[in-house]
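Protein chains in written order, with the working numbering: chain Z, 86 to 583; chain P, 5 to 317; chain B, 431 to 743.
Please note: incorrect hints may appear among the correct ones.
Claimed, not checked - No more than 27 Å apart at the CA atoms, straight line, and that leaves these computed lysine-lysine pairs for DSS-like:
#1 Z:K471 with P:K48
#2 Z:K431 with P:K48
#3 Z:K431 with P:K260
#4 P:K260 with P:K302
#5 Z:K532 with B:K571
#6 B:K495 with B:K553
#7 Z:K417 with Z:K101
#8 Z:K358 with Z:K186
#9 Z:K552 with P:K49
#10 P:K52 with Z:K431
#11 B:K571 with Z:K538
#12 Z:K431 with P:K262
#13 P:K49 with Z:K471
#14 Z:K358 with Z:K417
#15 P:K52 with Z:K532
#16 P:K260 with Z:K529
#17 Z:K431 with P:K200
#18 P:K48 with Z:K202
#19 Z:K455 with P:K78
#20 Z:K103 with P:K222
#21 P:K262 with Z:K242
#22 Z:K552 with Z:K532
#23 P:K302 with Z:K103
#24 Z:K242 with B:K571
Keep in mind the hints are simulated off the structure, nothing from the lab.
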Amino acid sequence: MAVQKKKQPRRSNTIKLKFDTSWTYAPAPESRSVAQIAPEYDLFINGTWQKPSSGEYFDTINPADEKVLSRVAAANEKDVDKAVSAARQAYDKVWRRMPAKERAKYIFRIARMIQEKARELAVIESLDGGKPIRESRDFDVPAAANHFFYYAGWADKLEYAFPNRQCSPLGVAGQIIPWNFPLLMAAWKIAPALATGNTVVLKPAETTPLTALKLAAILQEADLPPGVVNILTGAGATGAAIVNHPDINKIAFTGSTEVGKLIQRAIAGTPKKATLELGGKAANIIFEDAPIDQAVEGVINGIFFNQGHVCCAGSRLYVQESVAAEVIRKLKHRIETLIVGDPLDKNTDIGAINSRQQLDTIHRYLAIGKKEGAEMYESSCALPRKGFFCRPTIFTNVAQSNRIAQEEIFGPVLAILTFRTDDEVIEKANNTPYGLSAGVWTDKGSKIFNMTKRLRAGVVWANTFNKFDPTSPFGGYKESGYGREGGLHGLLPYLSLR
Amino acid sequence: MPATGSSRSSSSKTEPRLSFSLSPHIDQVGVEERASRFTTRSIKKEAKQNGLRLVLNMIDLTTLEGKDSEGKVKQLCYKAMHPHDALPGLPTVAAVCVYPSLVRTARQALGNSGIKVASVATAFPSGQAPRDIKLRDTRYAVNEGADEIDMVISRGKFHAGEYNFVFDEIAAIKEACGEARLKVILETGELGTYDKVRRASDIAMHAGADFIKTSTGKIQPAATMPVTLVMLEAIRDYYFKTGRMVGMKPAGGISKSKLALHYLVMVKEVLGEAWLSNEWFRFGASSLANDVLMQLVKEQTGIYQSSNYFSVD
Amino acid sequence: MATSSKNITTAPSNGTGTTPARLEVLKTYKIYIGGQFPRTESGRYYIPVNAAGRQLANVCLSSRKDFREAVVAARAAFGGWSSRAAFNRGQILYRMAEMLEGRKTQFIEELLLQDSNRRAAEKEVNLAIDRLIYYAGWTDKYQQLFSAVNPVASSHFNFSAPEPMGVVAIIAPQDTSLLGLVSVMAPVIAGGNTCVLLGAEKKPLCAVTFAEVLNSSDLPGGVVNILTGQPDELAPWMADHMDVNAVIYCGQDTALQQLLRERSAGNLKRITIHDVTDWEENEGQSPYFIMDTQEIKTTWHPVENIAGAGGGY
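Bound conformation, chain Z alone (with noise of 0.2 Å):
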């Protein structure tokens, strides 16, 4: 054995790297011009464009500079009447009873016209929403042509995928989904649904409907059957009104906690099913025998990615004592690097926060999060002086009775807190209401193994984060919802087996 010196080596010392370089990337703007996007839209019911029988519209803005990039329909109780018949009339006329091969081609087809549009929906999903153009090109967009392309393949091979049942569509499927990623969420909804049997009417979030009225589009050109998916755009109310709509067999939701706890209470009394996706405060976790940069990096990913509005975002950092300090510094250094900024530009690695309402709220559990006592550290970067931005943050010295430990931020900060032992993190992480993601990160096969099984979560990354595929079903324990979206499992929210 070697000999044990006495003298520990010396901890980390304050050396700070600096990247404010002077060679620096000049602008690379992604072109607007790509994206056509009407001054006004009205809504999408039985294949044609509808204007609100309210006569009412609402803006859409660009959050990066806070300018209406369109109006667009108010739907009221009426118009989820008629969408909701236009769909009850093509599931009984059309869809249900096309034969399921021919029900597939439609759905190919509209995966690949996502392909082919895929630049001007990257685009406007990040005019809409203020998400980076790398994210929506490489990320959103690709992601939401292939949940279809998936989904195309499942619905005429449904027999085989649930052993000695038979399955039939459950008929109209109300579908609420999103702000953060619009377009995603939308072909997370409709391609199961579809694929089953079953017909839709969908709205999108009210602060992102343009890359959903914009699939609408797509639809029509696909020449999928009138009344098959419908899209209302509008706010509270109009899911609402989805919710309680008597002649609706379903209800796929994705959002907060507390909407959805309001959805399960609504349609208690009736024979809706439901899936819920909602809120999440994911653990990642940090061994000392982690692959230490490869973790940072992927805690990095797990809690800036669409600058942190995601439901299963690695909002609670657990760092094993004896790397916590160069865990953090290495956090810290890299902060610096995350480019914030215009949406549209290729090299923006954090874009608008969605809304001034969101901002606040973020900005509101800043000041939590400093009153309990939390060190904060922010990246030094300057923010652009229109629109919504907020810069990457980390708390150290959290508590675990810290609110900002426990609630879900859904913005770009990080509550980091340390542990020493296996139990000790395993008893922490699980600690919450919600059960959506978590993330373990050791060089340890067998530690990985007994951690992601004892994780109360639905989906368990280990020694990686914030990974997606159509392949993979996706959904929560506990309070973060139930049912699966993606995969074999994502069926069979959208099916009854006998």
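Assemble chains P and B onto chain Z, guided by the hints.
Okay, now just chains P and B, sitting in the frame of chain Z:
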């Protein structure tokens, strides 16, 4: 169990040694994903021009062939000093890299241009020679006027787990270098995993390397972005621990401007400002210079270029 | 063993009115929590009466506090039970069947007291035994049926597998004393959950006697907790309890169904309602019932692809 390697806290040979098995693990998929992220940076307009000039200035213009002659080396040195006279105001390359027997030729040809003479040594490229021969090889090159020595590590010993041997050899060569700066070639294409690249980097730095370098150029794969990333991160960790800067030189396989700019992005975002000069970062390349020149002319004229208009040396 | 006198204490045991040669020892019907047989903490009891007007026993009228204690016991047992080897869970379910087989006569007698006829009673007990065997066989198979290895496009290994939800509150079918209870309980515990089970209010005898079967079957205390009492009274507590993960209700009371669904929103319990299942038929058993109280967990891990750099296999 033999003690291996030196302490992480100092490069001094007199320090007691700790095991290099403590080098951090590298997850292959993660590091490759991170490396590919750098390639999504869009480098346009003045960023591209400035970047390309920086790249040109970081090149170790290299010829390492059995058929190398004085004439060839003289031509190369002229190219090093006058990359493309049609485009005035260009920086020179950083160094000319040759075999020891041609160091004197290069030294004379480069005169007081400020361009360094780098020489490979230590039974390059395989390193399969006794230590005394490696030391003589090194001293010879230094005596001939080399400013920089590019040595190879003993990969066979490294794979056999004889980290002590590898460490001591580097330390001995470092001593033989005197004033010359020592670049330690890991030959990553023969190491097999990123874990080993990281461990070899740690050994080299602790043994006194001034630079760590990926490859000889004789083995495929040569430099790749993920391998370079692993080494840059090793350099950063070593800097955090010791305060000593170590340079980085990817070599082999970088022949296009666009790829070189991706590397530059990586240096900028991993190590930052301090490493963005040819004192701390080099490209070991032979054909990269011309591609950079073509791109620079294109940027200036707006017209796509042909290699027929750029001297091949 | 006397079996014809399952009567309440106020009635003479042999029903003849004469003093028997030996006074029969009557059974006290207690509830089953954490492997113990306490009386209800409330001290309350009720006396179910059969169709013939005969009083069956003083049965515990369990309170919300009994339920609370039972949930604590179930939660405490969950970690151990869910991490038992699936094979071991199968062995224990099989053991339960063995114990039930051995006490067949006792259950038949109890069923006779609770309005069954001999043929039906025998059938019910046989079915209950067979059902335990059925699920004993499923404990290490349903995972294979309902898991998936998902062929993701990136370099990751990805699989989805069922995991137990946790603590399940069950309101057993009210029209059978034994079979319904066994049919809903078995898939829940076969899948690694623990449960609190409320027996049939009007036919509670077998629920309690079944607890004795459980207690002699190597089933760890707390995995199954059995209460007797009123569904109407306990349902709201089941729906509200923040440490219950799922509720199974067997019955046609739509108001109660709505109440369970509504109030379960407090912590988003998973609700399963069996309102038409005929437990005597094949539809009364299925691996899909196991899945009613399973979550699907998806796990990702990178897959190294060193050979992808140019090698192969």
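We went through each hint and held it up to the structure:
As the CA atoms of K471 (chain Z) and K48 (chain P) are separated by approximately 25 Å, the hinted pair is consistent with the 27 Å bound. The straight-line distance between the Cα atoms of K431 (chain Z) and K48 (chain P) is roughly 11 Å, inside the 27 Å bound, and the hint therefore holds. Only pairs whose Cα atoms come within 27 Å are accepted, and K431 (chain Z) paired with K260 (chain P) is accepted, the gap being roughly 22 Å. The suggested pairing of K260 (chain P) with K302 (chain P) holds, with an alpha-carbon distance near 14 Å, which does not exceed 27 Å.
A hinted pair counts as satisfied when its Cα atoms are at most 27 Å apart, and K532 (chain Z) with K571 (chain B) qualifies at roughly 25 Å. For the proposed pair K495 (chain B) and K553 (chain B), the alpha carbon gap of about 36 Å is over 27 Å, so the pair is violated. Taking the CA atoms of K417 (chain Z) and K101 (chain Z), the gap is about 10 Å. The hint holds against a cut of 27 Å. Pair hint K358 (chain Z) plus K186 (chain Z) holds up; C-alpha atoms about 26 Å apart against a cutoff of 27 Å.
Simply put, K552 (chain Z) and K49 (chain P) have alpha-carbon atoms about 34 Å apart, too far for the 27 Å limit, and the pair is violated. Distance hint between K52 (chain P) and K431 (chain Z) is fulfilled; the C-alpha atoms sit about 15 Å from each other, no more than 27 Å. Between K571 (chain B) and K538 (chain Z) the alpha-carbon distance is near 18 Å, which keeps this suggested pair within the 27 Å criterion. Distance check on the hinted pair: K431 (chain Z) and K262 (chain P) sit about 16 Å apart at the alpha-carbon level, within 27 Å; holds.
A threshold of 27 Å between alpha carbons decides the hint, and for K49 (chain P) with K471 (chain Z) the separation of about 25 Å falls inside it, so the pair holds. A distance of roughly 45 Å separates the Cα atoms of K358 (chain Z) and K417 (chain Z); the hinted pair therefore is violated under the 27 Å criterion. Only pairs whose Cα atoms come within 27 Å are accepted, and K52 (chain P) paired with K532 (chain Z) is rejected, the gap being roughly 46 Å. Only pairs whose Cα atoms come within 27 Å are accepted, and K260 (chain P) paired with K529 (chain Z) is rejected, the gap being roughly 39 Å.
A threshold of 27 Å between alpha carbons decides the hint, and for K431 (chain Z) with K200 (chain P) the separation of about 34 Å lies outside it, so the pair is violated. Restraint check for K48 (chain P) and K202 (chain Z): satisfied, since their Cα atoms lie roughly 25 Å apart, inside the 27 Å limit. A threshold of 27 Å between alpha carbons decides the hint, and for K455 (chain Z) with K78 (chain P) the separation of about 65 Å lies outside it, so the pair is violated. Only pairs whose Cα atoms come within 27 Å are accepted, and K103 (chain Z) paired with K222 (chain P) is rejected, the gap being roughly 35 Å.
Distance check on the hinted pair: K262 (chain P) and K242 (chain Z) sit about 46 Å apart at the alpha-carbon level, beyond 27 Å; violated. Straight-line distance between C-alpha atoms of K552 (chain Z) and K532 (chain Z) comes to about 21 Å, which keeps the hinted pair within the 27 Å bound. A hinted pair counts as satisfied when its Cα atoms are at most 27 Å apart, and K302 (chain P) with K103 (chain Z) does not qualify at roughly 32 Å. With a C-alpha separation of about 23 Å, the suggested pair K242 (chain Z) and K571 (chain B) falls inside the 27 Å cut-off, and the hint holds.
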